[in-house]
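J.: Work out the full structure: start from the sequences and follow the hints.
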Amino acid sequence: MNKDRIKKILGGLPTHVVLVSLCLIWLIPTIGLFVTSLRPFQDINQSGWWTILSPPRGAREYKQMCASCHGANGQAITEANLADPELMTEYSRSIKLLAMLKRDIDGTPHLKDVPMPNPQQAADITDYLKRISGIEARPRFT
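Counting in numbering that gives the first Met the number 0, the sequence shown runs from 0 upward without gaps.
Honestly, I wouldn't trust all of these hints.
Within a straight-line C-alpha distance of at most 16 Å, the following computed EDC-like cross-link-like pairs (lysine to aspartate or glutamate) qualify [unchecked claim]:
1. K101 with D112
2. K129 with E85
3. K95 with D112
4. K62 with D112
5. K62 with D123
Distance windows between CB atoms, simulated [claimed, not checked]:
6. H15 with T35: 27 to 33 Å
7. V17 with V113: 54 to 60 Å
8. K101 with L52: 47 to 53 Å
9. F33 with A79: 40 to 46 Å
10. N44 with A75: 30 to 36 Å
11. E85 with I24: 50 to 56 Å
12. L26 with I5: 28 to 34 Å
13. K62 with K7: 43 to 49 Å
14. A71 with D105: 21 to 27 Å
15. R92 with V19: 47 to 53 Å
What the hints contain is simulated information worked out from the structure, not anything from laboratory work. We treat Cβ as the ideally placed atom computed from N, Cα and C, and that holds for glycine.
T.: Here it is, written out as structure tokens:
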């Protein structure tokens with residue numbers, strides 16, 4: 000290769016780097032807006048587009064505090080089917096859920112050795128229960 004050709008390649012490199020950088024700066028928010036447009040408005044109000052692949056709010060708390068007895072989908076105990084919309088309308092608020100969790104069931108504490116959720120965790124669990132029971136059905140696409 001001759002020197003003129005090398006100078007020409009290196010001389011044009013910064014312009015290409017700048018153009019590619021500008022394209023990326025424009026492209027990332029555009030992808031974010033596109034992904035956001037496919038999400039339900041309830042999710043948009045609670046989290047950013049970059050969390051689309053993460054589990055819904057309350058899923059972690061439910062798994063940690065409830066799933067061992069009630070199952071992953073809330074249907075393991077037929078008398079307390081957490082996927083039943085009729086049952087879940089009785090506990091649609093976190094304060095009602097906390098009051099129910101403090102009551103004993105057949106003389107034993109409801110949560111046994113699991114610590115009582117704090118008010119924020121109870122609110123998150125309530126949101127998750129509304130979702131799995133279908134009370135708060137969210138559309139797949141908006």
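J.: Looking back at the numbered hints, which does the structure fail to meet, lowest number first?
T.: 3, 8, 13
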